[in-house]
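A.B. asks: Residue numbers (this note's numbering), protein chains in the order written: chain W, 1 to 83; chain D, 84 to 242.
Calculated from the structure, these hints are not laboratory results. Each hint should be verified, as a subset may be incorrect.
To be verified - Here are the simulated EDC-like cross-link-like pairs (lysine to aspartate or glutamate), alpha carbons at most 20 Å apart as the crow flies:
| id | chain 1 | residue 1 | chain 2 | residue 2 |
| --- | --- | --- | --- | --- |
| 1 | W | Lys49 | D | Asp227 |
| 2 | W | Lys15 | D | Glu142 |
| 3 | D | Lys241 | D | Glu194 |
| 4 | W | Lys63 | D | Glu201 |
| 5 | W | Lys15 | W | Glu73 |
| 6 | W | Lys2 | W | Glu17 |
| 7 | W | Lys51 | W | Asp65 |
| 8 | D | Lys127 | D | Glu218 |
| 9 | W | Lys63 | D | Glu150 |
| 10 | W | Lys63 | W | Asp41 |
| 11 | W | Lys63 | D | Asp232 |
| 12 | W | Lys51 | D | Glu150 |
| 13 | W | Lys2 | D | Glu150 |
| 14 | W | Lys51 | D | Asp227 |
| 15 | W | Lys49 | D | Asp230 |
| 16 | W | Lys49 | W | Asp21 |
| 17 | W | Lys51 | D | Asp232 |
| 18 | W | Lys15 | W | Asp41 |
| 19 | D | Lys127 | D | Glu142 |
| 20 | W | Lys2 | W | Glu42 |
| 21 | W | Lys51 | D | Asp233 |
| 22 | W | Lys63 | D | Asp230 |
If you're wondering where the values come from, they're calculated on a predicted model, not measured in any experiment.
One letter stands for each residue in the lines below.
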Amino acid sequence: MKVLYFAWVRERVGKAEEALDPPPAVATVADLIAWLSQRGDEYAHAFEKPKVIRAAIDRIHVKQDTAIAGAREIAFFPPMTGG
Amino acid sequence: MTVPVTIRLQEEDFDVAREIAALSRDRTDIGAVVSFSGICRSDKADGEVGDAIAALVLEHYPGMAEEEIARHAEEAVARWPLTGLTVIHRFGRIVPGDNIVLVVTASAHREAAFHAAEFLMDYLKTRAPFWKREEGSAGSGWVDAHDRDDAAAARWAKS
């Protein structure tokens, strides 16, 4: 799956997107955040407050208990500040 | 009847008067047009008075931003008897005094136009994937989201 990062999540991770293939035990968005957090200091920093992080699957907002099976594109970002 | 809906994301500025005129041109069924312009201020969102910013840099999620705005535009059209709707949101570097966002709603009567415009702005603030970074003399930083914006959007949730 393609994983995208925006705003300060992107800055902390150090990249805008990457292709990832998490193990089957990573079932939900929250699982994916926990798995990403283990990938290195930059990820741990980006996801240090997991409850603050918002997510979208295939460009639709989702809650963190949403299953990621079948997702093509998952995005992580801070609360939005547009308008 | 299909309601004309225009949604644009762009780096360049827009002309508010031209967008209003475009929505009501050649129509005799429109009795009310409401427009909201969001403009870049020079004072920091959470700063002291006199703590000026040089620019806002708006990042967005291409693809999702258009789709998310379209979903809310569709909901606005379903909830209020609108005769037209335009949403323009800029991205990139925007300096104080320049436009950031425009919502124009048209209807036979003012109430629907006012409500739909406010609904769309409240949702743009909290659900459209845009993020503002402030550039100032002392460096730059991301703007924090406000609870008051969440509360404003929550008013429109259907019970």
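A.B. asks: Check each numbered hint against the structure and report the violated ones by number, ascending.
C.D. replies: Failing hints, ascending: 4, 10, 12, 16.
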